[in-house]
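Assemble the whole structure, with the sequences as input and the hints as a guide.
Spelled out, the chains give:
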Amino acid sequence: MLDIKDRQLLEHIQLGLPVCSRPYLEIGRLCDMPEVEVIDRLTRLKQQGLIKRMGVIVKHRQLGYRANAMIVWNVPDNLIKQLGGHISRFSFVTLCYQRPRQPEWPYNLYCMIHGKDKATVLKQLDQLIDACGLSDFDKEILFSNRCFKQRGAIYQNPTPALADG
Amino acid sequence: MDEIDKQIINALQDGFPICDAPYRQVATQLGLTEQELIGRLKALLDNGTLTRFGPLYNAEQMGGALTLAAVKAPKQCFDEITEIINSFPEVAHNYARSHELNMWFVIATETPEQIQQTISVIEQQTGLTVYNMPKNKEYFVNLKLEA
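Protein sequences, first through last, are from chains G and C. Under our numbering, the first residue of the first sequence carries the number 11, and numbering increases by one thereafter. Under our numbering, the first residue of the second sequence carries the number 858, and numbering increases by one thereafter.
Be a bit skeptical, because a hint or two may be false.
[To be verified] Capping the alpha-carbon separation at 30 Å, the derived lysine-lysine pairs in DSS-like fashion look like this:
hint : chain 1 : residue 1 : chain 2 : residue 2
1    : G       : Lys159    : G       : Lys133
2    : G       : Lys91     : C       : Lys994
3    : G       : Lys149    : C       : Lys899
4    : G       : Lys69     : C       : Lys992
5    : G       : Lys62     : C       : Lys992
6    : G       : Lys91     : C       : Lys899
7    : C       : Lys863    : G       : Lys159
8    : C       : Lys932    : G       : Lys62
9    : G       : Lys56     : C       : Lys863
10   : G       : Lys149    : C       : Lys863
By construction, these hints were calculated from the structure, which means they are not laboratory data.
As structure tokens, this is what we get:
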């Protein structure tokens, strides 16, 4: 699905788009590709979902979002899809995943709430529990104390992998 | 950061056009000139308010793999464990969290097989059990933090 030119392109933009009037022309110069081809290829990669989105990646602490809670739930397997769908519709929920249970760790549904402070996050969590009917399920709330490392995509040709989230 | 900066951040979290003059298009929507938008965006990147401006890739579709992992790091060697785990280029994020499982990190590799390999090496070097919690399913969220 990805050809060598796609990979070249993705590698050149992974650390950021040029901030200038014709960014795709600039990338084209670096990859030896006409601007229109850069635009066509990126449009296709976006449509295919390989590029989830283009835009800014914010440092949430810099925007005053100092409290970040990961809430893990143990919910019945037959309800997980419905509950996950419901939880993810709240604007303060920034991530929502289903993950496998582990020995001594029975939780299978994870969500993240980013808020300006701990009290706000806990209030939002109460709202979520009420609205989604989550009060009967076991959960744990894990606030983050410190962020040690946060980096964007890093990958090399020819088999790119990347990270974010 | 003033109101205009906030508007720029909020608008650019919704996406960025793929066309020949994308900054001009966004600037017009915000009632700014193209040069003003470019200047402010550069400043926000330079002063660290924004980590990055560009694409967010889907790792799995690129052939790569991601997982969420955690360890129970004993208090007395917490800093040492942090240092070991952060030293892996495969570790993309690492957070201390308030729980017995007190260190949570994301591992990103170029192939799915490398996830298990990386976990094994981390276990060897730290002497800890690594909990591996890959995602089974992602529920779509509109990831946006109001500036």
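Results of checking the hints against the structure:
Restraint check for lysine 159(G) and lysine 133(G): satisfied, since their Cα atoms lie roughly 28 Å apart, inside the 30 Å limit. A hinted pair counts as satisfied when its Cα atoms are at most 30 Å apart, and lysine 91(G) with lysine 994(C) qualifies at roughly 9 Å. For the proposed pair lysine 149(G) and lysine 899(C), the alpha carbon gap of about 42 Å is over 30 Å, so the pair is violated. Among the hinted pairs, lysine 69(G) with lysine 992(C) is consistent with the structure: their alpha-carbon atoms are about 23 Å apart, no more than 30 Å.
For the given pair, lysine 62(G) sits about 17 Å from lysine 992(C) by alpha-carbon distance, which is consistent with the 30 Å threshold. Distance restraint check for lysine 91(G) and lysine 899(C): the Cα-Cα separation of roughly 41 Å exceeds the 30 Å cut-off, and the hinted pair is therefore not satisfied. A distance of roughly 25 Å separates the Cα atoms of lysine 863(C) and lysine 159(G); the hinted pair therefore holds under the 30 Å criterion. Our distance criterion of 30 Å between C-alpha atoms is broken by lysine 932(C) and lysine 62(G), whose separation comes to about 38 Å.
Using a Cα cut-off of 30 Å, the hinted pair lysine 56(G) and lysine 863(C) holds, with the two alpha carbons roughly 26 Å apart. Taking the CA atoms of lysine 149(G) and lysine 863(C), the gap is about 35 Å. The hint is violated against a cut of 30 Å.
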